[in-house]
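Enquirer: Chains B and W are the protein sequences, given in the same order.
Sequential numbering from 0 applies to the first sequence in numbering that gives the first Met the number 0.
Sequential numbering from 0 applies to the second sequence in numbering that gives the first Met the number 0.
Since the hints were derived computationally from the structure, they do not count as laboratory data.
Check before you lean on any hint, since a few could be wrong.
The list treats identical chains as one, so a pair stands whether inside a single copy or across any two.
To be verified - Here are the simulated DSSO-like pairs of lysine-lysine, each with C-alpha atoms no more than 27 Å apart in a straight line: (1) K280 x K2; (2) K2 x K122; (3) K207 x K2; (4) K269 x K122; (5) K153 x K280; (6) K154 x K280; (7) K17 x K242; (8) K242 x K269; (9) K207 x K154; (10) K269 x K2; (11) K207 x K242; (12) K17 x K269; (13) K2 x K242; (14) K60 x K153.
Spelled out from the first residue to the last, the chains are:
Protein chains: 2
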Amino acid sequence: MLKVPDHQVAGHRADRGKLGPLVDDSGRFYKPLQSDQRGDTEVAFYESFYSNTEIPGHIRKFFPGFHGTQIIEASDGSGPQPHLVLEDLVAGRMNPSVMDIKIGSRTWYPEASEQYIQKCLGKDRNSTSVSLGFRISGLKVYQNSEAGFWQPEKKVVYSFNADGVRSALRKFVSSNLSLDPDADPDCLYASTVYGHRGGILAQLLQLKEWFEVQTNYHFYSCSLLIFYDTESALDGLADPKVKLVDFAHVMDGHGVIDHNFLGGLCSVIKFIRDIVDEDNKCAKCEVNLGLKENGFYKSNTEIELDYEAS
Amino acid sequence: MLKVPDHQVAGHRADRGKLGPLVDDSGRFYKPLQSDQRGDTEVAFYESFYSNTEIPGHIRKFFPGFHGTQIIEASDGSGPQPHLVLEDLVAGRMNPSVMDIKIGSRTWYPEASEQYIQKCLGKDRNSTSVSLGFRISGLKVYQNSEAGFWQPEKKVVYSFNADGVRSALRKFVSSNLSLDPDADPDCLYASTVYGHRGGILAQLLQLKEWFEVQTNYHFYSCSLLIFYDTESALDGLADPKVKLVDFAHVMDGHGVIDHNFLGGLCSVIKFIRDIVDEDNKCAKCEVNLGLKENGFYKSNTEIELDYEAS
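With the rest of the complex left out, here is chain B (with noise of 0.2 Å):
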């Protein structure tokens, strides 16, 4: 049974009968391939990555599982069409708060055509691509049963300048969107999903690390995809995860290190852990306060008992 996915959060959504893409109940992502050469590239790219044993087993976690192509109805009934068979990255997760980030200040590639060129450069001009080294192109976030997800507007993600993404990777970890979308995000889950041994954090600068040596592939327009479960959050089982997608700008790099992703990626990586310091600073004062004690909030109970015995 395929279906529409539930947590895409940038794209071509396969709803209202367009084409885009599917997902089955095994874990698995069908993506129309692009008629035009972005499909063959997105193909070319899969198989090559996963048949390059120089790629590093905790690199290649970063990318979607991949089991080739395959035909199949397409999602606006245009008949059988063939679709790129991907690992489902969210799947098994209940609400996950998604994040696309595109990377690069610069989304066009040398070898493109002129009037390609333009348009990039002109989308690069006026997000915030050429400022910061990266644009969010879609979020949602998970907040309870009863508000489920804040989720801006397409047009309010793409008119974002750098206030307005600190703010969003501020409220991609917190728990109190719903109540007043303008009052200061709590960050409260920043520790568990940003800072956290082996959160958001660490997994970027693993993958850094590869970046500042590999030279086969430059990414065009390729997104990181951050999420992790809402839910589970507060028990310190968000799972948060770091996939690289969107391959249909990938080229060869010639020998040379993809300059354009790093940067952005080193941006992402400063903003992330401006709001991590940040946190720990608030987190120590909380101890300092003595509102916090081996790690848990005190009840106000406690706080009373201890400001009456002090």
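Following the hints, position chain W against chain B.
Expert: Just chain W now, kept in the frame of chain B:
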């Protein structure tokens, strides 16, 4: 006594009555203040940088010393003009080898005029800036008292592709350029200049660490100047140095890292690291072949004696 600098490899030169920088005998470098925005920007940068107490000491050493501005007779005979008074970086060096590398795949900044952006974009696309994240603006490599310097013409340097850049970075640390400029460069000084403890590679890595966190300045159209004393290189006294120069287009970082500079810097680092790694591999071969002992080449007599004894 002011004179034209001997070892300038890029930018406007003061010879033949043109406007350009001058040096004196006391180690000062006088750079004419460009009358448009650029002169003001460069002075403002130096004043901001040297009054910023957050800049660590080990980072300050990558920047030329700054001694304010002074009105002196311009080199083009146009009368007294304001000049930046800087440290003459190569003062006291007899025959330094020097390379000027303009860092960043993008030399334009979002706030610039459309005309300026298009001019820069054209140059970036027509050089290695877009593909490699940097371009070589000029170089001279000292060979010996007889042959003097190997210094390719501007138009040759400007036409470098990736292979040309790779070759120039190898020639920069080679001793056999005067025999046959097309011969394979011997990279005789690679370990002393690039790879040595405290050498170019180590300095670049130190600079990179700072660029991963600093969000004060964005350095557009800024150059890395790398230089060493060729004549002392075989004695291990090459004294290789990395400096940053040309701050006429430094912009406020607004809390964002300079991902454009950082990406290009990482690309330079990878090119140089490849040369060092290759050289280390050769050095190991030479030890294995019995050509080197305790880090020194054996004399032919020693090798022959070894061979006879074997």
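Enquirer: Now look at each hint and say whether the structure bears it out.
Expert: Here is how each hint holds up against the structure:
1. K280 x K2: neither (44 Å within a copy, 55 Å between copies)
2. K2 x K122: neither (31 Å within a copy, 49 Å between copies)
3. K207 x K2: neither (35 Å within a copy, 47 Å between copies)
4. K269 x K122: within (23 Å within a copy, 30 Å between copies)
5. K153 x K280: Neither: 33 Å inside a copy, 53 Å across copies.
6. K154 x K280: neither (34 Å within a copy, 54 Å between copies)
7. K17 x K242: within (26 Å within a copy, 55 Å between copies)
8. K242 x K269: both (18 Å within a copy, 25 Å between copies)
9. K207 x K154: neither (30 Å within a copy, 36 Å between copies)
10. K269 x K2: Neither: 37 Å inside a copy, 45 Å across copies.
11. K207 x K242: For K207 and K242, both the intra-copy (13 Å) and inter-copy (25 Å) Cα distances are at most 27 Å.
12. K17 x K269: Close neither inside one copy (38 Å) nor across copies (45 Å); limit 27 Å.
13. K2 x K242: The answer is within: 22 Å in one copy meets 27 Å, while 58 Å across copies does not.
14. K60 x K153: The answer is neither: 29 Å in one copy and 46 Å across copies each exceed 27 Å.
Going down the numbered hints, you'll see the structure goes against 1, 2, 3, 5, 6, 9, 10, 12 and 14, while the others check out.
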